[in-house]
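Let the hints inform the model, and build the full structure from the sequences given.
Those protein sequence lines, which keep their order, are chains A and B.
With the first letter of the first sequence counted as 1, position 471 gets the number 471 in this note's numbering; the numbers rise by one all the way through.
With the first letter of the second sequence counted as 1, position 278 gets the number 278 in this note's numbering; the numbers rise by one all the way through.
Hints in this document: simulated from the structure, not taken from any laboratory.
Ideal Cβ placement from N, Cα and C applies to all residues, glycine included.
Take the hints with a grain of salt, since some may be wrong.
Which chain A residues stay away from chain B? Per the calculated CB distances, all over 10 Å, these [what the hints assert, rightly or not]: (1) Phe131; (2) Arg210; (3) Val220.
Among chain A residues calculated to face chain B with C-beta under 7 Å, some are [stated by the list, open to error]: (4) Leu296; (5) Glu297; (6) Leu411; (7) Thr506; (8) Asn513.
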Amino acid sequence: MEFSEFIKTPKVEEAFLEGSCISKMIGSACLTGHHLILYSHSGDNAEHWILHKNVDAIDRRFGNDKCQITLKCKDFETYCLTVLSQEDATNIANSIEVLSSLDNINLQYPFFYKATNSLSESNLGSIEEDFLMISNVSDQWRISEVNNNFQICPTYPQRIIVPKSISDQMIFKSSEFRNLGRFPILSYCHHNGRVVMRCSQPQIGTNNRRCKEDEKLINVVLGSHHRGYIMDTRTQQIALQARSKGGGTETEFNYPQWKKIHHNLSRPSALYDSICKLVEVSRDKGCAVDKWRSRLESSNWLHHVKEVLTASCLVSQCLDKEGASVLIHCADGFDSTLQITSLTQIILNPECRTLRGFLNLVEKEWILYGHPFRERCARSVYSVGKASRDEGPTFLLFLDCVHQLQHQYPLSFEFDGSLLCQIARHTYASQFGTFLCNNELERFTSRVRSKTTSLWSHLLSDDVFPSYLNPVYQPRSDTIWPSVAPQSLMLWGELFTPFVDPSAVTRRCLRSNKLYLHELRSTINELSKEVSQLEEQEEKLKT
Amino acid sequence: MYSQKLAEKDIKLAGAYEHVYQLSPSSEVDGLLLPGEITVGHAKEVISYVLHDENRRGTSGLLVCTNFRLMFVTDKPPYCNLIAVDNKLIGPQDVTLSNIETIYIEKQNGKRKKLYPTSRNIKDGIQKLEIHCKDFRILTYSFKLSVLGEGKNIVRAILHHSYPQDSSLSFAMEYISKKASKETSTKEASNISSKVVSLYRKVDDWEKLIMTSQAMKGRWRITSINETFSLSATMPGLFVVPSSLSDAFLKDAIHQYNNNRLPIWCYTHPNKCSLLRSSNFREESVQFQVDQKIRQEITKCDPSGRKIRMMDLNKMCPTLQQVQMSFHKLKTSCMPANEDEYMESDGKWYSTLQTIKWLQFVSCCLEVARTCVDHIDSGLGTVLLIETLGVDWTACISCLVQVLIDPTKRTIDGLSELIQREWIIGCHPFTTRLGILHQPKKSSKFQPESSTSDHPEVCKSPIFMVFLDCLYQILTQESTKVEYTSFFLTSLADGTRLPVFDTFIFNNERERNRTLQQLNQQRTTDIETISIWDWDVQYPHHVQQLFINPLYRCKRFHHLVATTTPPLGGNSIATNDDVTSPNTLDLTTTPKVEKLKSSKKSSTHHRSASDSTCLDTTTSSMTSSSTPHGHKRINSNSYEVPYQPPQGRSVFYCAGDERPDSGRSVANSRSSSTDNMAAEDDEAVVIGLVDQVNSRAPQVAERLRFVPNSANNNNDVIGCRDDDDVMQVKTGVQYLRFWKFAYLRWVSFSQLIGGGESPQVEQENKMADEIVQLASKIEHLEAQLCNGDTSVTSPPPRVDDVTVQFVSSYFPYLAISNKSANKSTLGRVYNFSRKKEGKSTTSASAPSPKIHHHHHHTEGKPPHRPAPLSPAQVAASSHHMVALSEQQQTSEGGTYNRLSSGV
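Shown next, in the form of structure tokens:
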């Protein structure tokens with residue numbers, strides 16, 4: 001298939017582009033298979049590229065003398081393209097509409113994008129590295145090949161870490177008992193040996209099925225005396241109702257060593273409604289002074305942030321203070337479950353607050369363990385009405401929680417907020433293949449990893465990563481307990497209201513301070529050299 | 001950087017208190033008293049509870065009431081909620097009587113009663129004393145261990161002394177008269193910094209102000225018609241008026257205005273537009289020509305004859321009552337009785353904030369100020385601020401306008417002088433507005449008939465707090481452009497409740513003058529008052545360092561960064577308002593696009609001419625007669641550069657990350673606009689700025705003394721000049737931040753250990769220190785190279801390696817020291833052990849424990865549990881997670897509060 005068959009008007013000479021984050025541009029607009037490109041006619045050779053994939057909705061407003069196409073993007077930006085001819089405008093709009101919703105994975109931009117300089121493999125999410133870390137704490141684990149060729153669980157990677165005393169056969173049984181085959185699997189091992197595990201709901205159903213192997217599998221991580229907690233991120237009522245659909249939740253009778261906690265976290269579709277309202281408020285520059293805060297509140301987004309943080313704190317405390325292991329699941333085990341497991345690690349593990357550690361965490365928790373990015377990020381806030389229940393900013397909510405932590409502990413993170421923003425934008429539209437597909441199986445079949453460039457490689461490359469470093473980073477070895485009081489939670493300005501973000505000025509200044517420090521140090525080195533040379537000369541003269 | 005001092009202080013404090021406590025109370029407290037301070041009551045064996053801890057933990061000690069403060073003295077180190085700020089005047093556990101807002105007592109039968117200044121009938125058997133402070137602190141004391149009657153006595157004493165009715169009874173009078181005789185020798189030494197801040201009571205200060213401005217020369221003059229305050233109580237003794245108005249005319253005109261306030265000059269921009277403030281013209285006056293004439297003359301002060309714009313602040317700003325109401329609500333929501341109450345505000349916090357309206361008022365003030373700034377800066381004409389009394393919003397707005405428009409007012413000294421001139425000399429009825437004096441019903445000073453507190457003349461209304469909040473908003477938005485910090489602002493707010501200084505204890509200058517005259521008549525020697533700007537009286541040197549914004553401090557050196565070094569990372573952006581998201585660059589990674597240029601270049605050309613004018617004024621007004629290092633003075637003909645209003649939005653260059661080419665373009669345009677302003681001119685700019693900081697308190701000067709040699713061969717020093725722009729402050733309510741540091745600083749459970757703004761400032765300070773250190777090292781080495789003199793010793797290396805991990809987000813207020821950084825007691829929302837306690841007490845409905853005053857848990861030990869638990873309770877508490885899920889089952893909606901506060 002050729003892209004050209006969709007492109008009726010490849011180039012318009014007179015076009016005008018406006019956007020909230022760019023300066024107005026006059027020039028010629030070009031349409032390619034993946035981009036709308038505007039070349040400025042003025043002397044400065046400016047260009048602006050908009051990825052079709054990033055376009056969420058298109059508004060057409062055709063007048064007599066000019067035609068406006070408003071491109072509403074998934075990263076919440078809007079652009080307004082003005083051309084003179086109505087025919088051109090219609091063609092462009094139609095082309096973008098078709099090209100932005102191409103489903104075929106092989107036609108996605110990442111498969112065409114070639115990084116300008118060859119990037120080295122980031123090697124994030126490596127199971128060997130992970131296993132090495134765990135071996136330092138506990139010798140109860142082994143690497144298993146039971147999921148080779150994704151035979152028991154398509155949303156888990158092929159090689160996994162399982163308890164030593166559990167045979168592959170038992171794991172197979174357990175995976176049959178769990179929804180989508182997502183059996184309880186290790187997520188994080190705390191330094192005291194307690195673990196966080198994640199899974200999906202047990203398929204108890206109406207006839208109260210139980211699975212000895214599943215019980216054995218999770219009991220074995222507790223050891224002999226310990227108790228554990230099972231956190232279900234649904235209300236008890238919903239969890240029990242799920243039995244009629246073949247799901248359910250663990251009964252305390254069958255899992256006597258475990259205590260149940262129900263902490264209700266919203267499903268992706270609820271988050272979707274919330275973020276739509278939030279973006280509406282935050283992009284509304286003309287909002288009445290008196291209404292703004294209550295409108296923000298009624299979007300409920302910060303409430304979701306708080307709930308997720310609360311749940312993560314709870315789990316962190318179970319691990320750190322109570323010394324108990326925790327098993328977390330929701331219905332499918334790849335939405336709110338992953339939010340909690342990853343935030344818990346950020347709270348507890350200083351390693352996850354480094355740049356590499358954080359990217360590793362995202363790769364490990366979200367990419368490898370099957371958060372369905374393709375479904376969740378297919379549409380964004382502007383395509384209201386079209387969204388199905390599969391869409392929802394689960395991952396974005398996680399990033400917002402990290403932002404809250406970062407805001408509360410500005411010294412404890414090696415990276416700064418712009419990294420989170422960058423990642424957030426790349427989940428919706430990107431030249432990198434990292435967030436393509438729903439799970440490892442899909443990536444495997446489409447050969448995403450070999451054919452596309454990884455965002456991590458880009459972010460970790462030598463000329464990119466320094467710009468994301470937090471200049472006031474002070475590594476600290478302990479936990480960071482976030483405050484979930486409403487007074488402590490902030491709207492994520494850099495993402496939601498990028499046109500005004502005071503912290504950006506501060507950050508820029510800090511960064512330049514850092515640069516300045518480097519500069520001074522090198523000057524000092526040079527001067528010290530000179531001094532010592534001079535001294536040598538003097539010595540020679542004397543002798 | 002200062003947290004190590006904390007630890008030391010801890011020990012010192014402990015020592016001091018031990019010494020005191022071993023002796024019997026009352027007379028031996030004298031060692032801790034200030035000059036002029038006398039004990040008026042005390043109670044022994046009083047328990048002081050930890051803030052917001054539901055009275056579970058406390059320390060026993062001696063509670064002393066003096067004519068200045070309520071003092072809590074104990075031999076045990078205060079283990080919790082330690083106030084790090086090392087105030088020479090009040091201890092960490094003390095509270096000044098002026099700070100006391102309301103007093104509650106609790107009887108043995110549990111009845112809680114609010115006491116009024118007029119309350120007489122105080123009986124024995126007071127169990128608990130709860131004091132709500134004006135700075136939102138809550139102090140709770142219990143007398144259950146004291147001798148019967150002591151509680152009553154001290155409460156009576158507090159009540160009697162807490163609500164003074166006359167400024168002349170203020171402690172400041174006692175203090176200064178005693179202090180003057182006691183410490184004449186030390187006074188001189190400590191007086192250095194106060195001399196830096198002009199108090200505007202002498203004609204020199206005013207002359208310095210108007211003579212240095214070229215735009216004012218010959219058009220404005222200083223008049224002394226009100227020197228004895230006989231014409232007007234609220235007008236300053238000296239003020240600036242158009243030169244063409246005669247004294248005789250003014251004397252006549254003054255009574256045609258409300259509150260006897262003429263329009264007085266506040267500020268003149270280099271483009272010759274001015275800012276003035278005044279009260280309303282009297283409605284009943286028939287001499288309209290007076291008002292007209294004055295306006296005409298003001299118009300004539302502007303050579304271009306632009307029309308005056310009248311800003312009626314009565315219509316544009318909220319009323320005094322509205323502000324008072326709003327502040328009251330703010331106070332209520334920021335003084336939760338316990339953690340649960342704090343957490344309950346959850347979910348409705350934003351709408352609460354909205355109904356409080358405080359931020360809306362702040363936004364409104366900033367908006368009015370911005371309107372004025374736009375008007376003046378774009379050269380549309382002079383602005384005259386008008387208000388009924390002319391002492392409230394006019395002061396606030398005029399200050400804000402000047403801060404936004406004039407970079408010299410953004411330094412600590414500049415701001416201090418501004419506040420002194422507009423608020424103190426220009427008059428703001430501090431005692432009335434802040435409720436420092438108790439205004440009994442008679443309030444004869446004002447209108448005898450009206451007893452309603454709604455009348456603007458006797459209305460309580462914290463306009464000054466609105467002003468400080470506005471300054472805070474400016475700080476958050478433009479943190480690199482202002483020298484002050486949040487701590488400076490809260491110190492000012494606290495200073496209003498510290499009756500040691502003459503700054504905030506009078507309603508106007510006449511009152512001050514008369515009080516001092518009376519005082520001087522009684523005594524033989526002349527009394528010298530102390531102003532708040534004399535920070536040495538209050539804070540030791542290292543605390544004063546916290547006033548200085550590190551980002552502002554190290555910006556001074558940014559021109560040192562060689563422009564050849566590209567900014568870190570490929571895609572940082574040159575201009576401030578060019579917010580091209582990095583993403584657009586990233587998504588389109590082709591070499592061509594990476595070069596995306598700032599399209600704002602054209603507007604920089606417009607800006608530069610006006611920049612140089614502003615800057616030159618700054619330079620010469622700040623440059624003292626001698627210029628160090630032998631650089632040329634800037635030539636004064638640069639004033640003749642015609643002012644060009646900036647077109648469109650001005651472009652700022654953020655220090656350090658500008659690109660070589662954009663910076664150069666400014667330099668080029670500068671040299672094209674004026675031939676003689678080339679590289680040497682840029683040097684002069686640097687000198688000017690250094691001088692400016694040299695004139696500051698000596699310690700700062702010391703830090704910034706270094707004049708970079710490398711700047712000589714570096715034409716691009718324009719990195720400094722984002723300072724010299726008019727600040728574009730966002731006024732929308734969405735952009736304003738809640739000033740947690742001021743309003744929530746005593747709410748211990750809202751603090752974060754190692755998080756929040758304060759540790760970041762600490763870290764920035766470290767970086768700034770390092771920059772200063774390295775810069776001086778370079779200078780030193782270069783000097784060595786030039787002179788070939790190797791005998792010069794190098795500067796001492798820094799000894800400073802303190803982790804900021806344990807600094808509270810409210811540092812230096814609710815700071816905990818390294819020692820007591822006990823994670824199980826502070827700084828978190830989740831606390832398993834706390835839940836157990838709470839649960840045990842509630843489930844057993846146990847009465848409040850009897851013995852807790854003994855339990856000062858020491859380092860390492862877990863916090864004490866108030867009551868021994870029964871085995872059943874222990875079992876219950878260890879299974880509290882179960883209980884939790886049960887709770888969730890029962891009430892799905894309300895679980896969070898319990899959960900977040902407890903678990």
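Hint by hint, which ones does this structure get wrong, listed from lowest number up? none
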